[in-house]
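There are 4 protein chains.
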Amino acid sequence: MQKIAIIGGSGYTGRELLKILLKHKKVEVTKITSENNAGKKIEELHPELFGCYDLRFEKYNWQTIKNNCNIVFLCLPHAASMNFAKETYDSDKIVIDLSADFRIKNIPVYEKWYKVKHTQVELLKTAVYGLPELHRYAIKQAKLIANPGCYATSIILPLYPLIKENLITDNIIVDAKSGVSGAGKKMAMPYLYNEQNENFMPYNPGTHRHTPEVLEILGIKNLTLVPHLLPITRGIISTIYCTPKQGLTQEKINNTYDKYYKNEKFIRLLKNEIYPQARTVANTNFCDIGFKLLENKLILISGLDNLLKGASGQAVQNMNIILGFDENESLS
Amino acid sequence: MQKIAIIGGSGYTGRELLKILLKHKKVEVTKITSENNAGKKIEELHPELFGCYDLRFEKYNWQTIKNNCNIVFLCLPHAASMNFAKETYDSDKIVIDLSADFRIKNIPVYEKWYKVKHTQVELLKTAVYGLPELHRYAIKQAKLIANPGCYATSIILPLYPLIKENLITDNIIVDAKSGVSGAGKKMAMPYLYNEQNENFMPYNPGTHRHTPEVLEILGIKNLTLVPHLLPITRGIISTIYCTPKQGLTQEKINNTYDKYYKNEKFIRLLKNEIYPQARTVANTNFCDIGFKLLENKLILISGLDNLLKGASGQAVQNMNIILGFDENESLS
Amino acid sequence: MQKIAIIGGSGYTGRELLKILLKHKKVEVTKITSENNAGKKIEELHPELFGCYDLRFEKYNWQTIKNNCNIVFLCLPHAASMNFAKETYDSDKIVIDLSADFRIKNIPVYEKWYKVKHTQVELLKTAVYGLPELHRYAIKQAKLIANPGCYATSIILPLYPLIKENLITDNIIVDAKSGVSGAGKKMAMPYLYNEQNENFMPYNPGTHRHTPEVLEILGIKNLTLVPHLLPITRGIISTIYCTPKQGLTQEKINNTYDKYYKNEKFIRLLKNEIYPQARTVANTNFCDIGFKLLENKLILISGLDNLLKGASGQAVQNMNIILGFDENESLS
Amino acid sequence: MQKIAIIGGSGYTGRELLKILLKHKKVEVTKITSENNAGKKIEELHPELFGCYDLRFEKYNWQTIKNNCNIVFLCLPHAASMNFAKETYDSDKIVIDLSADFRIKNIPVYEKWYKVKHTQVELLKTAVYGLPELHRYAIKQAKLIANPGCYATSIILPLYPLIKENLITDNIIVDAKSGVSGAGKKMAMPYLYNEQNENFMPYNPGTHRHTPEVLEILGIKNLTLVPHLLPITRGIISTIYCTPKQGLTQEKINNTYDKYYKNEKFIRLLKNEIYPQARTVANTNFCDIGFKLLENKLILISGLDNLLKGASGQAVQNMNIILGFDENESLS
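Top to bottom, those sequences are chains A, B, C and D. Going by this note's numbering, the first sequence opens with residue 60, and the numbers climb by one from there. Going by this note's numbering, the second sequence opens with residue 60, and the numbers climb by one from there. Going by this note's numbering, the third sequence opens with residue 60, and the numbers climb by one from there. Going by this note's numbering, the fourth sequence opens with residue 60, and the numbers climb by one from there.
Certain hints may be false.
A pair holds if it fits inside one copy or across any two, identical chains being indistinguishable in the list.
Claimed, not checked - Below, a list of computed lysine-lysine pairs in the BS3-like style, where the Cα atoms sit at most 27 Å apart:
(1) K330 to K318
(2) K145 to K125
(3) K324 to K99
(4) K356 to K223
(5) K100 to K311
(6) K100 to K318
(7) K280 to K176
(8) K351 to K171
(9) K174 to K330
(10) K100 to K321
(11) K351 to K99
(12) K171 to K244
(13) K62 to K324
(14) K351 to K280
(15) K100 to K351
(16) K82 to K118
(17) K356 to K171
(18) K176 to K152
(19) K321 to K99
(20) K280 to K304
(21) K280 to K223
(22) K100 to K330
(23) K351 to K174
(24) K330 to K82
(25) K356 to K174
(26) K244 to K330
(27) K100 to K324
(28) K82 to K99
(29) K324 to K82
(30) K304 to K356
In case anyone wonders, no lab produced these hints; they're calculated from the structure.
Taking the hints into account, I'd like the entire structure generated from these sequences.
Put into C-alpha cells, the structure is as follows:
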C-alpha cells in the first residue's frame with residue numbers, strides 16, 4: 060500500500076480525497092494535517108466520514124510526513140502551497156498540488172493575477188499541468204502535478220480539440236456557472252445559506268483567476284470568462300460561445316472530438332443535441348461535452364463536478380497515472 | 060371598482076395576478092376561468108390564497124364575463140389566446156394578453172416560430188407591446204396589450220438604450236437563466252422536483268421563441284440566445300455579451316441608462332460593479348441592470364422575477380397605466 | 060407620520076422590518092443602527108432594498124434617536140436588549156423588542172435558560188407578550204412589547220384554545236422544523252450554504268430556549284420540543300402530538316378554533332384534512348393551522364413564516380395595534 | 060458473473076440499481092424491462108448513465124429473462140409485483156422484490172392497507188423480510204426477499220433493540236421526513252419542482268402504508284407515524300419519541316445498540332449527542348442512529364438515503380448475502 064498525506068485536509072477537497080481514497084485498493088491515507096484543527100478526529104470536521112477513518116488531524120510536521128508517506132496532496136490556499144511543495148519535492152515524494160501555484164508557467168502572469176511573488180521558480184519548471192486527457196505522457200513522468208482549476212478544466216477540455224484543429228476563430232466567450240462548493244469551505248457572508256439559496260448571480264466578470272491558465276494551455280490570447288454562482292452544492296456548467304470557421308459541420312466537430320477523446324474513460328461526448336446537466340455529472344469524475352452548431356455561432360457546453368473532475372477526482376486520476384494503476388481505480 | 064376577469068387562471072401567472080390584485084385598491088377580480096377546474100374554489104388550486112377570495116373557477120362563457128367585467132387578462136397558452144382576444148376586444152373591453160399571440164407584428168415570423176396560423180391579423184395591428192418603460196404613451200391608449208415574454212423583458216430593457224444610442228455593434232450573445240416557474244405549471248418529466256433539484260442545464264440553444272420579439276422591438280437582425288433552467292422557483296438573470304463601439308466609457312453607459320430609465324420606478328440601475336442577483340428581485344416588479352465594461356467587451360446583466368416583471372406584475376403595471384392609476388398601485 | 064428607529068438593523072429581522080414599513084402609509088423609518096456597519100447605506104447590507112431608502116446605518120446614540128423617533132424596534136441579540144429597552148422606555152417611547160429578554164416573567168427561569176442575569180426586573184413587569192390573537196387588549200395599552208419567539212408563536216397559537224378549553228391532556232410533543240433564516244445572519248459553519256443545502260437535521264433536542272416562554276403562556280408544566288433545520292430560507296412547520304380527552308371530536312375542535320380565531324385576519328383555519336405547507340405561508344404574516352384527530356392522538360400542524368408572523372411581521376402587527384392603525388396595515 | 064434482470068427499471072430504484080451494479084465485480088445487469096419505454100436506451104431515461112451500459116429497455120417476457128438471468132429485481136408498483144414474483148420463483152430464480160407485496164405476513168392487514176387482494180398466499184409464506192441487520196441468517200437461505208420500505212427501515216432499525224430488550228413502553232410517535240424521490244418518478248402535481256421547492260409539509264398523518272410492516276416486525280400494536288415531504292432529493296430523517304422505562308440510562312442505551320449493531324458495516328451509532336443529518340448519509344448505504352435521553356422521553360433519530368439503505372442499496376446488500384459475496388460489495 061502506498062501511503063498518502065493530505066496537507067490542509069479540513070476543507071472540501073480534502074474531504075473528497077478522503078471519500079475517494081477510502082475505496083482505493085492500493086493506497087491509504089495515513090496523515091492528514093490542519094493547523095487549526097490538530098487533535099480533532101476526521102469525523103468532527105467531516106461527519107459523512109463517521110467511523111470510516113481512525114485518524115486525527117495533525118499540525119504539519121515534515122519529518123513525520125516524510126517518514127510515513129510517499130505521496131502528498133496539497134489542499135492549501137493559493138500562495139501557501141509553494142513552499143510546502145518544495146520541501147516535499149526535495150525529499151523525492153510525489154506531490155499533487157490542488158492550488159494554482161504551479162499551474163501557470165509564465166511567472167509575471169502568475170504574479171499579476173495572484174498578487175503574490177512566486178518563490179519556487181525552479182520547481183515551477185518541473186511541474187506538469189495535470190489534465191490527463193491532454194498530458195497523460197508527461198504526467199506519468201512527473202513528480203509535481205499542478206492540478207487544474209475547476210473552471211479551467213471545464214473550459215479547456217471542450218475547446219482544446221477545436222483550437223488545435225483550427226476549427227474556430229478567437230473571440231471566445233465563456234459563461235460559466237458553478238455550485239457553491241467551488242468557493243471552498245469559506246466563512247464569508249456570500250456563502251451563507253440564506254444568501255445563495257434561491258439565488259443566482261455573476262461575480263468577477265472578466266477577471267476570474269482561472270483565465271490565465273486557460274489561455275496558457277490553449278495557447279490563445281483572449282477569452283472572456285464570466286463566472287456565476289449556482290444555488291447547488293456541486294457542479295459546473297460552462298456555456299462557451301465560439302465563431303466557427305467557414306464550412307464547419309456537425310460531423311466534423313463530432314469527428315474531432317472522437318479523435319481526441321473517444322477512448323477517454325472520463326469524457327462523455329453527448330451527441331444529437333443532448334447537453335450536459337449539473338445533476339448527471341455530480342458525484343462522478345466525468346466531464347460531459349455537448350454542442351450546438353448554429354449558422355455563425357458554435358455553442359459548446361461542458362459539465363463536471365467541480366470537486367471531482369474539477370479537483371480531487373482529477374487529482375486521484377493523476378496519482379493513478381503516476382503510480383501505474385488503472386486510471387479509474389476508486390473513481391466513477 | 061373596476062371588475063377583472065382572468066381567463067385561464069389555474070397556472071402560475073393567474074395565481075400571481077390574484078395575489079397582486081388582492082392588494083389593489085381600485086380593481087377586484089370577479090371572474091376566473093379554467094376549463095379543467097370549473098367548480099373548484101381558488102384555494103383548491105392555489106393554497107397560498109386560502110381564505111383570500113370567495114370565488115370559484117368557471118368554464119369560459121363570454122356572456123357572463125361581458126356583463127361582469129371590464130378588464131380581461133388572458134393567461135392562456137400561445138395560439139389559444141387569439142380568438143378569445145377577438146371576442147373581448149369586440150365588446151370594447153380592455154384585454155391584456157400574457158401569451159405570445161400579439162407580440163410579433165410580422166406574421167410570417169410569428170407563424171414560423173410558433174408553428175401555427177395567425178387568425179387575428181387585423182386585431183394584431185392594434186396590439187401594443189406592453190413594455191411600459193419603452194411604450195408608455197402607446198399603452199395608455201391601447202385596448203389590447205401584448206404582455207412581453209419574461210426572457211424578452213430581461214433582454215430588451217438593458218439593450219434598448221445602448222442600441223438606440225448606437226453604442227454597441229451587433230453580434231449580441233445572451234446567456235439567460237430562468238427559474239423553473241418560467242415553464243408554467245406543466246406536467247412534464249423535466250419539471251419534476253427530482254429532475255431539476257441540484258441541477259442546471261441549457262435548453263433550446265439558439266432557438267428559443269422569445270428571440271423574434273426581442274429582434275423586432277430592438278430592430279436588430281441577429282442575436283444568439285441560450286436559455287438555461289435554474290434550480291430556483293422564480294427569477295431570471297440574463298448575461299448579455301456585446302461589443303462596445305470605440306471610445307465607449309463607463310460614464311457614457313451610466314449616462315445613457317440614466318437618460319432612459321432614471322425616473323423609472325421599476326428599473327434599478329446598479330452601478331459601481333454591483334450586479335443583479337435572482338434573490339434580490341424575487342417577489343418584486345423590479346428589473347435590475349448592472350454592467351461591466353472590459354477592454355473590448357461590454358457585459359450587461361439584468362435580473363427580474365419572471366412571474367412579476369416578466370409576466371403578471373408587468374401586466375398589472377400595464378393595466379394601471381391604461382386605467383390612469385398610479386403605475387405602482389399594488390406592485391412593489 | 061410616526062418616526063421609527065430600528066436598533067441593530069443589519070440582520071434579517073431588521074431587513075424585514077424595512078421591507079414591511081416601506082409599504083406602511085403612516086410610519087417611516089428615520090433611524091437605523093448597527094455598531095459594525097455605521098456609515099454604510101442600507102443597500103450595502105440589504106441589496107434587495109437598493110434605491111428604496113435614503114438612509115445609512117449609524118452607531119447607536121440615544122440622544123439622536125430620542126429626538127427623532129417615537130417608536131423603537133430592538134433587533135438585538137438576547138441579553139443585549141435589556142438595557143437599550145430601559146433607556147427607550149424611560150423616555151416614553153414605544154419599544155418593541157424582538158429578543159427574548161422580556162418574554163419570560165419568571166426571572167430564575169429566564170436566567171437559567173439564557174445563562175445571563177436579568178438587569179431590568181422592574182421593566183420586565185410592564186412588558187406585554189406580544190401575541191395579538193391572545194393579548195390584543197393588553198398590547199393596546201403597552202409601552203414595551205416582548206415580541207414572541209418564532210417557534211413559540213407556531214406552538215402557542217394552535218395549542219392555546221385546546222388547553223384553555225381543557226380538550227387535551229399534557230404530555231405534548233412538538234416536532235418543529237425551521238428554515239435557516241431562523242438562525243439569523245450568523246457567520247458560523249453550520250449556516251454555510253454547503254452545510255445545509257440538501258440537508259435536514261435536528262438540533263438541541265429537548266433543550267431549545269423557546270420552551271420556557273411556551274410553558275409560561277400556555278400555563279403548562281412540560282412539553283418536549285425538538286427543533287430541526289430545514290433546507291429552505293423561510294418557514295416553520297410545527298407538528299404537535301397531543302392526547303385528546305375522551306370524547307373529543309373533529310367538530311368540537313373546529314368549533315373551538317372558530318371560537319378563538321374565527322375573526323383573526325392572520326390565522327387561517329385549514330379544515331377537512333388540509334395541512335399547512337411552508338411554501339404557502341412564506342412571505343405572509345399568516346399562521347395556518349390544520350389538524351388530524353386519530354383514535355387516541357391529536358396531531359396539530361401549524362405553519363408560518365419565521366421572519367414575519369414569527370418575528371418582524373408580528374412586531375409590526377403589534378405596532379399597528381398600539382398606534383390604533385388597521386392591524387393589517389402594510390402586512391399581507 | 061451472475062446475470063441480473065431488473066423488472067420495471069424506468070424509475071429511481073431501477074436507476075440506483077444500475078448505478079450500484081455497475082461497480083459490482085461479480086454480477087452484471089443483462090436485462091431491463093419497462094412496458095412504456097421498450098426500445099429506448101438506458102441513457103435516454105437515465106442520462107447520468109450515458110455511455111455506461113450497452114442495453115435497451117425491453118417489454119417483459121419471462122422466457123427471455125429466464126434464459127438469461129438468475130437474479131431478478133422487481134421494481135414494480137405495489138400489487139403489480141405479486142404475479143411476476145410467482146413466475147420467477149417457480150423457475151428457481153432469486154427474487155428481490157422492492158414493492159410492499161411480500162412484506163406483510165398478515166394477509167388481511169396487507170389487504171386493508173393496500174386495498175387489493177393478495178393473490179400469492181403460498182409464496183408470501185416463503186418470503187423473508189430483507190433487513191440484513193435483523194434477519195441475515197434467514198436471508199441467506201431465502202429465494203424471495205421482501206425488501207423493506209424506506210420509512211420502515213428508518214423506524215425499525217433504531218427501535219428494534221430497545222423493544223427487544225424491553226427498555227421502552229409503547230406509545231411511540233414517529234415524525235418522519237423524506238426527500239421527494241421517496242415518491243418515485245411520479246407525474247403528479249405535488250411532485251413538480253415549483254410545488255416542493257422551498258416547501259415542507261406533512262402528508263397522510265397517521266395513515267402511511269409503511270405502518271403495518273413496522274408493527275409486524277417490531278411486534279407492537281400501535282405507533283403513530285406522520286410522514287413529511289422534505290425539499291431535498293434524497294434522505295430520510297425519522298425523529299422517534301418513546302417513553303423510557305424507569306432507570307434507563309444513556310449507557311444502557313449505548314450498550315444495547317452496541318450489542319445489536321456494533322459489527323454492522325452499514326449502521327453507524329453516533330454517540331455523545333451527535334445526530335444524523337440527511338446530507339451525511341446521502342449517496343451511502345448507511346443508517347445512522349443517534350439519541351437523546353431526557354427526563355421522561357427518549358428521542359431516537361435515524362437517517363438514511365431512501366433510495367439506497369431505504370431501497371436499492373439494501374436490495375443489493377440482500378443479494379450479496381444470498382450469493383455469499385462480501386456484504387458491502389459495490390456498496391459504500
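We went through each hint and held it up to the structure:
Only within a single protomer do K330 and K318 lie at most 27 Å apart by alpha-carbon distance; the minimum there is 15 Å, versus 47 Å between protomers. Only within a single protomer do K145 and K125 lie at most 27 Å apart by alpha-carbon distance; the minimum there is 13 Å, versus 62 Å between protomers. Only between protomers do K324 and K99 lie at most 27 Å apart by alpha-carbon distance; the minimum there is 23 Å, versus 37 Å within a single protomer. In the homo-oligomer, the alpha carbons of K356 and K223 lie at most 27 Å apart both inside one protomer (18 Å) and across protomers (25 Å), since each shortest distance falls under that limit.
In this assembly of identical chains, K100 and K311 lie within 27 Å of each other by CA distance solely across copies; the values are 25 Å between and 53 Å within a copy. For the homomeric pair K100 and K318, the shortest alpha-carbon distance between copies (24 Å) is at most 27 Å, but the shortest distance inside one copy (47 Å) is not. Taking identical chains as interchangeable, the C-alpha atoms of K280 and K176 lie at most 27 Å apart only when both belong to the same chain, with a minimum of 23 Å there against 49 Å between chains. In the homo-oligomer, the alpha carbons of K351 and K171 lie at most 27 Å apart only across protomers (20 Å), although the nearest pairing inside one protomer, at 35 Å, exceeds that limit.
For a Cα distance limit of 27 Å, the shortest separation of K174 from K330 across copies, 26 Å, qualifies, whereas the shortest one inside one copy, 41 Å, does not. For the homomeric pair K100 and K321, the shortest alpha-carbon distance between copies (20 Å) is at most 27 Å, but the shortest distance inside one copy (43 Å) is not. Proximity of K351 to K99 under the C-alpha cut-off of 27 Å is restricted to the inter-copy arrangement: shortest distance 23 Å between copies versus 50 Å within a copy. With identical chains, the CA atoms of K171 and K244 are at most 27 Å apart within one copy only, with a shortest distance of 25 Å there and 35 Å across copies.
In the homo-oligomer, the alpha carbons of K62 and K324 lie at most 27 Å apart both inside one protomer (26 Å) and across protomers (24 Å), since each shortest distance falls under that limit. When the C-alpha separation of K351 and K280 is checked against a cutoff of 27 Å, the pair qualifies both within a copy, at 24 Å, and between copies, at 20 Å. For the homomeric pair K100 and K351, the shortest alpha-carbon distance between copies (22 Å) is at most 27 Å, but the shortest distance inside one copy (49 Å) is not. When the C-alpha separation of K82 and K118 is checked against a cutoff of 27 Å, the pair qualifies only within one copy, where the shortest distance is 26 Å, while the shortest distance between copies is 36 Å.
For the identical chains of this complex, K356 and K171 are inter-copy neighbours only, at 21 Å across copies versus 32 Å inside a copy, given an alpha-carbon limit of 27 Å. In this homomeric assembly, K176 and K152 come within 27 Å of each other (Cα to Cα) only inside a single copy, at 25 Å, whereas the closest approach across copies is 58 Å. In this homomeric assembly, K321 and K99 come within 27 Å of each other (Cα to Cα) only across copies, at 23 Å, whereas the closest approach inside a single copy is 45 Å. In this homomeric assembly, K280 and K304 come within 27 Å of each other (Cα to Cα) both inside a single copy, at 18 Å, and across copies, at 21 Å.
Taking identical chains as interchangeable, the C-alpha atoms of K280 and K223 lie at most 27 Å apart only when both belong to the same chain, with a minimum of 14 Å there against 32 Å between chains. For the homomeric pair K100 and K330, the shortest alpha-carbon distance between copies (14 Å) is at most 27 Å, but the shortest distance inside one copy (46 Å) is not. Taking the shortest Cα distances, K351 and K174 sit within 27 Å of each other only across copies (22 Å), while inside one copy they are farther apart (38 Å). Proximity of K330 and K82 under a CA criterion of 27 Å is satisfied inter-copy only: 25 Å between copies versus 32 Å inside one chain copy.
In the homo-oligomer, the alpha carbons of K356 and K174 lie at most 27 Å apart only across protomers (24 Å), although the nearest pairing inside one protomer, at 36 Å, exceeds that limit. Only between protomers do K244 and K330 lie at most 27 Å apart by alpha-carbon distance; the minimum there is 25 Å, versus 36 Å within a single protomer. When the C-alpha separation of K100 and K324 is checked against a cutoff of 27 Å, the pair qualifies only between copies, where the shortest distance is 20 Å, while the shortest distance within a copy is 35 Å. Only within a single protomer do K82 and K99 lie at most 27 Å apart by alpha-carbon distance; the minimum there is 23 Å, versus 33 Å between protomers.
Taking identical chains as interchangeable, the C-alpha atoms of K324 and K82 lie at most 27 Å apart whether they share a chain (18 Å) or sit on different chains (14 Å). Taking CA atoms no more than 27 Å apart as the test, K304 paired with K356 passes in both settings, with 9 Å inside one copy and 21 Å between copies.
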